[in-house]
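Asks: Sequence:
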Amino acid sequence: MKRIASCALILALGLFFVLPAPALAAQHIVIDTNVNDDVYGNGTPPDGTALSPFPDNATGNSVTVNSGGTVIGGVDGGYAESTSTATATATGNSVTVSGGTVNGWVHGGYAESTSTATATHNSVTINDGTVSGIAFGGRARSGDSGNAAATGNTVAINGGTVTSVRGGEANTKDGTATATGNSVTVSGGTVIGIVVGGYAESTSTATATGNSVTINGGTVEGNFVAGGYAQGNDGGNAVATGNTVTIRNNPTFGVGTILRGGYTTGDGAGDAFTGNTLNVWNYSGSSVREIRNFQFYNFVLPAGATHGYGPALTVTGTVDLTGPDGAIATVEAVGFMGGGRVQQAGENFTLIQADTFVGADMIYPVSGRKGATLIYDEILITQPGGGSNELIATIESDPRLNPQTKALSEGFLSGVALVTQGGDLAAGPGMSNAVSAAVGAGDEPGFVGFGALSGASMRLNSGSHADMHSVSLLAGLASGRDLAAGRSAFGAFFEYGSGSYDTYNSFSNAASVKGKGDSHYLGGGILGRMDFMDTGPGRFYTEGSFRAGRLHNDYRTSDLRDALGTSAKGFDSSSAYYGFHIGTGYVWNINDKASFDTYGKYFWTRQEGDSVRLSTGDPVKFKDADSSRLRFGSRFAYAVNEFVSPYIGAAWEHEFDGKGRASTNGFDIPAPSLRGDTGIGELGLSLTPSKNLPLSFDLGVQGYVGKREGVTGSLQVRWEF
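So the sequence shown is residues 1 to 721, counted in the working numbering.
The set of hints was computed from the structure by calculation and includes no laboratory data.
Hints should not be assumed to be uniformly reliable.
What the hints assert, rightly or not - Straight-line alpha carbon distances no greater than 16 Å define the calculated EDC-like cross-link-like pairs of lysine to aspartate or glutamate that follow:
| no. | residue 1 | residue 2 |
| --- | --- | --- |
| 1 | 623 | 642 |
| 2 | 173 | 128 |
| 3 | 593 | 626 |
| 4 | 623 | 572 |
| 5 | 593 | 608 |
| 6 | 593 | 572 |
| 7 | 659 | 642 |
| 8 | 621 | 559 |
| 9 | 516 | 482 |
| 10 | 621 | 608 |
| 11 | 659 | 597 |
| 12 | 621 | 668 |
| 13 | 516 | 534 |
| 14 | 516 | 592 |
| 15 | 623 | 657 |
| 16 | 569 | 608 |
| 17 | 659 | 682 |
| 18 | 621 | 642 |
| 19 | 659 | 608 |
| 20 | 623 | 559 |
| 21 | 659 | 626 |
| 22 | 173 | 221 |
| 23 | 514 | 482 |
| 24 | 569 | 624 |
| 25 | 516 | 572 |
| 26 | 569 | 592 |
| 27 | 173 | 271 |
| 28 | 569 | 642 |
Said to hold, decoys possible - Taking CB as the label site, the calculated pair distances span:
| no. | residue 1 | residue 2 | range |
| --- | --- | --- | --- |
| 29 | 252 | 621 | 33 to 43 Å |
| 30 | 68 | 377 | 16 to 26 Å |
| 31 | 307 | 358 | 45 to 55 Å |
| 32 | 485 | 621 | 33 to 43 Å |
| 33 | 316 | 234 | 28 to 38 Å |
For glycine and all other residues, C-beta sits at the position ideal for the given N, C-alpha and C.
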């Protein structure tokens, strides 16, 4: 036994030293008072000031500094450290400063290693308060020849004051330093120093690529804003390409601020130009001193910009349009915000006015958009060299409609289709239930509570198509009376329907658009039918219904975008509907158990139009949508006994209208249409559980081919009292 126990102890000790230590649970620290030390999100609560040794992986930790909190040192949302050959990783950590003071740095996540260090998807948000050091979204630092990578880290400045900002930073001595996909957004507050999207530093290779800086508001006082910054020490290679700087709305820059797409320093400084982009979007902020190292420029001007507008951006010094190997920057696109006036051919606009332009004189066409609905095929750019001080855009052709806008009408028409399905329910199962009220005695009418429910899975082939899943129901009271001409039935009901749908639109000259929506209607109506006295082997009948209510339709898409790349999102519409149906038919009583019904019906429904405004500012007006349908069909029913009666039927339907018409900015949007033919087949079973129970059911299923393609299932319930 002792030997077995000893072996077990040795095995347990072996596992203890061989297996990795379990990951520490994420911690969340809130600072409301003074802390006379550095703060770490994965440190020791309550103030996160100590943890020894630190783990080589810090994930999902956070620190919040509130008003009244003061940190004498710095703040790390999560800190990872490795003094061996292990990788140090900081992922998904965060710091939020909503007040108070931090007297040192702020790192969303910080990874430090003598080998490899990575900082990924960490974040810093400053809403208020003061940060006296640099705010880093994520920072990775490696010693000697190890690699360092900072990827996907973010900093958002919404208020307060911070010294400088770096979205992500990667530092190493002799290894590879890479800063990729990091971002900084300044929407308020004050940045005293520089703003950099991604920073990389190494004596070997330093690369800052795919980083971004967006200045929406607030104040940036530093001497430069750079999308990417690469520093090559001691001859190391430095590259800062493919980065983006966006300025929009009304920020304030210092008198010496330079906008740079890329910035490289050191003996091995390399490409800081290729693929870098400057976006000037709906800008009304202050001037800047210089612009350098951007290969591409994009402009979105205000919605109401008129002929002679500008400059969109003023530069008090130099705009350098040159890159390596004789490359010259170009304007990619010029657009306008949605809404307001529609700019026309012949109008010109000043994009940049500067003291000096460095580059080659060039004239070339670009394309553009107004909001998400209009396209300019040709806007002429006059790009100055050393002899002019203005970058000019001139509209060469009148705008045309963006063909993708058809998706909006597709969404509106899908809502209309739901309302027409409600009309089918009222004229079909609803009517047959109400007619059962005629099975009563003589002149004294008997009241019948009736209800009908229908569920549908339907494809609407409108040139493109929409797939809809819906349910419709109605409930009401009906009564019957014997008249000299025959038996009458009439009733009143309320109705409700709800559906979800997906739209699919493809274009030969534009990208496809997918959308989805939810719609519901609520209303009521009346219906009636007259079964005449027998004529020959059967009887004629005539029927009709009227219904009215309101439809709410919420349509969404992320594929319809404006010049800023912002999704138009869709629309939220609410409007009245009303309609009627009339029909006539003949029921041939083949024998006591079998009957054959042939009929013709006409349906008319109107969905009133609505005016909406997309999130991009574009106005869209939906016109009244009418459905005008004629249906001919027949049904064979057989009473097996007094409790069970199956039936089978078929019909042909033609839609004469069924268009979703709309317009935007004075242009008619292409109208999807349900006009055309649909074939309908049905199977059903009527059930009466008991002679003594005044309750009956009808179960049916209908299949559709043609313009409407799919299946519906229906349930009728009738209660006599």
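Asks: Would you mind marking each hint as holding or not holding in the structure?
Replies: Results for each hint:
1. Under the criterion of a C-alpha separation no larger than 16 Å, the hint pairing residue 623 with residue 642 is inconsistent with the structure, at around 51 Å.
2. For the given pair, residue 173 sits about 35 Å from residue 128 by alpha-carbon distance, which is inconsistent with the 16 Å threshold.
3. About 41 Å separates the Cα atoms of residue 593 and residue 626, which puts this hinted pair outside 16 Å; it is violated.
4. A C-alpha spacing of about 15 Å is found between residue 623 and residue 572, which places the hinted pair at or below 16 Å, so the restraint holds.
5. Note on residue 593 and residue 608: the hinted pairing is violated, with a Cα-Cα distance of about 46 Å set against a maximum of 16 Å.
6. Of the supplied pair hints, the one linking residue 593 and residue 572 is violated, its CA atoms being roughly 52 Å apart against a limit of 16 Å.
7. Pair hint residue 659 plus residue 642 does not hold up; C-alpha atoms about 46 Å apart against a cutoff of 16 Å.
8. About 20 Å separates the Cα atoms of residue 621 and residue 559, which puts this hinted pair outside 16 Å; it is violated.
9. This hinted pair does not check out: residue 516 and residue 482 have alpha carbons roughly 50 Å apart, beyond 16 Å.
10. Proposed proximity of residue 621 and residue 608 is supported: the alpha carbons are some 11 Å apart, at most 16 Å.
11. A distance of roughly 32 Å separates the Cα atoms of residue 659 and residue 597; the hinted pair therefore is violated under the 16 Å criterion.
12. The suggested pairing of residue 621 with residue 668 holds, with an alpha-carbon distance near 9 Å, which does not exceed 16 Å.
13. Proposed proximity of residue 516 and residue 534 is contradicted: the alpha carbons are some 51 Å apart, above 16 Å.
14. For the suggested pair residue 516 and residue 592, the alpha carbons sit about 51 Å apart, so the restraint of at most 16 Å is broken.
15. This hinted pair checks out: residue 623 and residue 657 have alpha carbons roughly 13 Å apart, not beyond 16 Å.
16. Proximity of residue 569 to residue 608 is assessed by CA-CA distance (about 22 Å); at most 16 Å being required, the pair is judged violated.
17. Of the supplied pair hints, the one linking residue 659 and residue 682 is violated, its CA atoms being roughly 27 Å apart against a limit of 16 Å.
18. The straight-line distance between the Cα atoms of residue 621 and residue 642 is roughly 55 Å, outside the 16 Å bound, and the hint therefore fails.
19. Simply put, residue 659 and residue 608 have alpha-carbon atoms about 13 Å apart, close enough for the 16 Å limit, and the pair holds.
20. Restraint check for residue 623 and residue 559: the C-alpha separation of about 23 Å exceeds 16 Å, so the hint is violated.
21. Distance restraint check for residue 659 and residue 626: the Cα-Cα separation of roughly 7 Å lies within the 16 Å cut-off, and the hinted pair is therefore satisfied.
22. For a cut-off of 16 Å, the pair hint linking residue 173 to residue 221 is broken: about 31 Å separates their Cα positions.
23. This hinted pair does not check out: residue 514 and residue 482 have alpha carbons roughly 55 Å apart, beyond 16 Å.
24. Distance hint between residue 569 and residue 624 is unfulfilled; the C-alpha atoms sit about 22 Å from each other, more than 16 Å.
25. The hinted pair formed by residue 516 and residue 572 meets the criterion: a straight-line CA distance of about 12 Å does not exceed 16 Å.
26. Proximity of residue 569 to residue 592 is assessed by CA-CA distance (about 60 Å); at most 16 Å being required, the pair is judged violated.
27. The straight-line distance between the Cα atoms of residue 173 and residue 271 is roughly 21 Å, outside the 16 Å bound, and the hint therefore fails.
28. Between the alpha carbons of residue 569 and residue 642 the distance comes to roughly 56 Å, so the proposed pair goes past 16 Å and is violated.
29. In this structure the hint that residue 252 and residue 621 lie 33 to 43 Å apart at CB holds, the actual value being about 39 Å.
30. Here the CB-CB span from residue 68 to residue 377 is close to 58 Å, at odds with the stated 16 to 26 Å.
31. In this structure the hint that residue 307 and residue 358 lie 45 to 55 Å apart at CB is violated, the actual value being about 29 Å.
32. As the Cβ distance of residue 485 to residue 621 is approximately 48 Å, the hint placing it in 33 to 43 Å is violated.
33. For residue 316 paired with residue 234, a C-beta distance near 36 Å keeps the hint of 28 to 38 Å intact.
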